[in-house]
Every structure is written in structure tokens, then in C-alpha cells.
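A.B. asks: Could you build all of it, start to finish, from the sequences and the hints given here?
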Amino acid sequence: MCELANMRKAIGYTQTDMAKEFGISLQAYYRKEKGYTPFTDSEKVIFKNLVIKVFPSATIDSIFFAENAKKYKEV
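Mind the numbering: the sequence shown is residues 1 to 75 in UniProt numbering, read in order.
It is possible that part of the hints are untrue.
[To be verified] With a Cα cut of at most 30 Å, we get these calculated DSSO-like pairs of lysine-lysine:
hint, residue 1, residue 2
1, Lys48, Lys20
2, Lys44, Lys9
3, Lys9, Lys20
4, Lys34, Lys9
5, Lys53, Lys9
6, Lys53, Lys34
7, Lys48, Lys34
8, Lys20, Lys34
9, Lys44, Lys34
10, Lys53, Lys20
11, Lys44, Lys20
12, Lys48, Lys9
[Claimed, not checked] Here are the in silico distance ranges between beta carbons for each label pair:
hint, residue 1, residue 2, range
13, Lys20, Lys53, 10 to 20 Å
14, Gln27, Pro56, 29 to 39 Å
15, Ser62, Thr40, 15 to 25 Å
16, Ser25, Ser57, 28 to 38 Å
17, Ser57, Gln27, 23 to 33 Å
18, Asp17, Thr37, 12 to 22 Å
19, Ala66, Lys34, 13 to 23 Å
20, Ser42, Ser62, 17 to 27 Å
Read the hints as simulated data drawn from the structure, not as lab findings.
Since this is a predicted model, take the numbers as computed values, not measurements.
Even glycine gets a Cβ: it sits at the ideal position worked out from N, Cα and C.
C.D. replies: See the structure below:
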């Protein structure tokens with residue numbers, strides 16, 4: 001789930017910012033980003049909508065499901 005952290009940082013968000021966007025605690029977000037707890041479908045949509053401006057080709061599949069997820073580069 002390191003790619004999620006890289007994408008989050010690229011859009012200038014902290015884990016606290018993301019937790020607020022999702023309406024969850026910082027600890028809950030940390031567990032999701034580290035892969036200990038799965039993201040809900042609605043959280044996946046929120047995440048994609050936040051990163052789409054920096055990563056225009058990002059899809060829910062490419063972010064969360066792609067085997068050996070490709071490395072996104074800022075556009």
C-alpha cells in the first residue's frame with residue numbers, strides 16, 4: 001500500500017487530512033493505508049476523486065486492484 005501513501009503525499013494531504021475526508025479516525029486511516037484494513041467502496045471513490053487531478057489516468061482498479069500496481073508520476 002506504499003503507492004497509496006505516495007499518491008496521498010503527491011496531492012499534499014496528510015493522513016489526518018485523508019481521515020477527515022473519509023470521516024474516520026487517524027488510526028483507522030493509517031490501518032487502511034498500510035493494508036491492515038480494507039477500504040470500503042465509498043472510500044475508494046473518495047480517494048480516486050481526490051487524486052484524479054494529479055493522476056488523471058487513475059482508476060479505482062489501477063489504484064486498489066492492479067497486480068504490481070504501476071508507479072504513478074505527477075503530470
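A.B. asks: For every hint, state whether the structure bears it out.
C.D. replies: Going down the list of hints, with the structure as the test:
1. The hinted pair formed by Lys48 and Lys20 meets the criterion: a straight-line CA distance of about 15 Å does not exceed 30 Å.
2. A hinted pair counts as satisfied when its Cα atoms are at most 30 Å apart, and Lys44 with Lys9 qualifies at roughly 17 Å.
3. Taken as a hint, the Lys9 and Lys20 pair is honoured in the structure, with Cα atoms around 15 Å apart against an allowance of 30 Å.
4. At most 30 Å may separate the alpha-carbon atoms for a hinted pair to count; Lys34 and Lys9 meet this at roughly 14 Å.
5. About 13 Å separates the Cα atoms of Lys53 and Lys9, which keeps this hinted pair within 30 Å; it holds.
6. Pair hint Lys53 plus Lys34 holds up; C-alpha atoms about 23 Å apart against a cutoff of 30 Å.
7. For the hint pairing Lys48 with Lys34, the CA-to-CA distance comes to about 17 Å; that is within 30 Å, so the pair holds.
8. Note on Lys20 and Lys34: the hinted pairing holds, with a Cα-Cα distance of about 17 Å set against a maximum of 30 Å.
9. For the given pair, Lys44 sits about 14 Å from Lys34 by alpha-carbon distance, which is consistent with the 30 Å threshold.
10. Proposed proximity of Lys53 and Lys20 is supported: the alpha carbons are some 19 Å apart, at most 30 Å.
11. At roughly 14 Å between alpha-carbon atoms, Lys44 and Lys20 fall within 30 Å of each other, so this suggested pair holds.
12. Of the supplied pair hints, the one linking Lys48 and Lys9 holds, its CA atoms being roughly 14 Å apart against a limit of 30 Å.
13. For Lys20 and Lys53, the hinted distance range of 10 to 20 Å is satisfied, since their beta carbons lie about 18 Å from each other.
14. One distance hint, 29 to 39 Å for the beta-carbon pair Gln27 and Pro56, holds here, with the actual separation near 31 Å.
15. Checking the proposed 15 to 25 Å range against Ser62 and Thr40 shows it holds: the Cβ atoms sit about 18 Å from each other.
16. A C-beta distance of roughly 31 Å is found between Ser25 and Ser57, which places it inside the suggested range of 28 to 38 Å.
17. A C-beta distance of roughly 31 Å is found between Ser57 and Gln27, which places it inside the suggested range of 23 to 33 Å.
18. Between Asp17 and Thr37 the beta carbons are some 18 Å apart, a value that agrees with the proposed interval 12 to 22 Å.
19. Restraint check, Ala66 to Lys34: a C-beta distance of roughly 18 Å satisfies the suggested window 13 to 23 Å.
20. One distance hint, 17 to 27 Å for the beta-carbon pair Ser42 and Ser62, holds here, with the actual separation near 18 Å.
No hint from the list above goes unmet by this structure.
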